[in-house]
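*Asks:* Chains C and Z are the protein sequences, given in the same order. No gaps in the numbering here: position 92 of the first sequence is 115 in this note's numbering, and each next residue is one more. No gaps in the numbering here: position 93 of the second sequence is 799 in this note's numbering, and each next residue is one more.
Just so you know, these hints were derived from the structure itself, not from any lab. Quick caveat: nothing in here was measured; it's all calculated off a predicted structure. Incorrect hints may have been included.
[As the list claims (entries may be wrong)] In silico DSSO-like links for lysine-lysine, alpha-carbon gap of 27 Å or less: (1) K88/C x K750/Z; (2) K88/C x K76/C; (3) K751/Z x K810/Z; (4) K46/C x K750/Z; (5) K88/C x K761/Z; (6) K750/Z x K761/Z; (7) K810/Z x K750/Z.
[Stated by the list, open to error] Derived Cβ-Cβ restraints for the label pairs, each shown as a range: (8) V110/C x V830/Z: 32 to 38 Å; (9) V99/C x N808/Z: 38 to 44 Å; (10) S77/C x K810/Z: 49 to 55 Å.
Here a beta-carbon is modelled for each residue, glycine too, at the ideal position from N, C-alpha and C.
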Amino acid sequence: MLHTVNKSPFETNSLETCLGLAKSGSDILLIEDGVYAATVGTTVSVRIEETMKSSRVYALAPDLKARGIRPDQVIVGVQLVGYDGFVELSVTNETVQCWL
Amino acid sequence: MYVNRRAPHGTIYALEGLEVVLIGAAFDQDVCMVFIGDGVFQLKKGQDTSDSDIKNFSPTYRALGDYDVNRLYVERESLEDRGLAGGDLMELTWEDEDDDWNEKPSIQLVSRQELSDLMEAQDVILNF
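If we strip away everything but chain C, and leave its shape as in the complex, we get:
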């Protein structure tokens, strides 16, 4: 299943709830304000690193760029995708859950 998270992890519990319910092997895509969760040295970066042991975590590159987050400020292992990658993830997964 593809999970998309579009809210900042510092403002809502969307990411935490998503990660708590996502099965191993899930694709988790961070978009919009959700991309702040992909940055290094935050209060949630360890949580993302743990998740990547069993699932894949992606972040939408245009949304990182819009927020002034450089690729070297992204947690190692988080894969950057463009809109084409977003579409690819949407069609390769049977279901998509948007954690609005």
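Assemble chain Z onto chain C, guided by the hints.
*Replies:* Quick look at chain Z alone, frame taken from chain C:
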């Protein structure tokens, strides 16, 4: 005092808040701005929306100095929780007419305790 608590692009709060500050300042209100929580992301340097088809209003913060909005308080704890430091923020300045128009930094990093005291001293506080 305008308190900015939201990240810049996911919602309209940051842009609308900034516009209200500029309008208020144009009417000679004595205003200051506070950035706490996700609001600190508004001042992150290097924002570039060219790939996402949304308005990049971050350069507008540079105009604040010309409107005599030269006290931008950023809470240090909020930066640290988000893996950021003062060097990750835009360099915003104002020209001090009482000091030969010297350029001075507008952003001041303050502790939560200092911010609490600043808020207590205000007549009006608006949140965005």
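*Asks:* Could you run down the list of hints and mark each one as holding or not?
*Replies:* Checked hints:
no.: 1; hint: K88/C x K750/Z; in the structure: holds, 11 Å
no.: 2; hint: K88/C x K76/C; in the structure: holds, 26 Å
no.: 3; hint: K751/Z x K810/Z; in the structure: holds, 18 Å
no.: 4; hint: K46/C x K750/Z; in the structure: violated, 34 Å
no.: 5; hint: K88/C x K761/Z; in the structure: holds, 13 Å
no.: 6; hint: K750/Z x K761/Z; in the structure: holds, 15 Å
no.: 7; hint: K810/Z x K750/Z; in the structure: holds, 19 Å
no.: 8; hint: V110/C x V830/Z: 32 to 38 Å; in the structure: violated, 48 Å
no.: 9; hint: V99/C x N808/Z: 38 to 44 Å; in the structure: holds, 43 Å
no.: 10; hint: S77/C x K810/Z: 49 to 55 Å; in the structure: holds, 51 Å
The structure fails hints 4, 8 (numbered hints given earlier, in ascending order).
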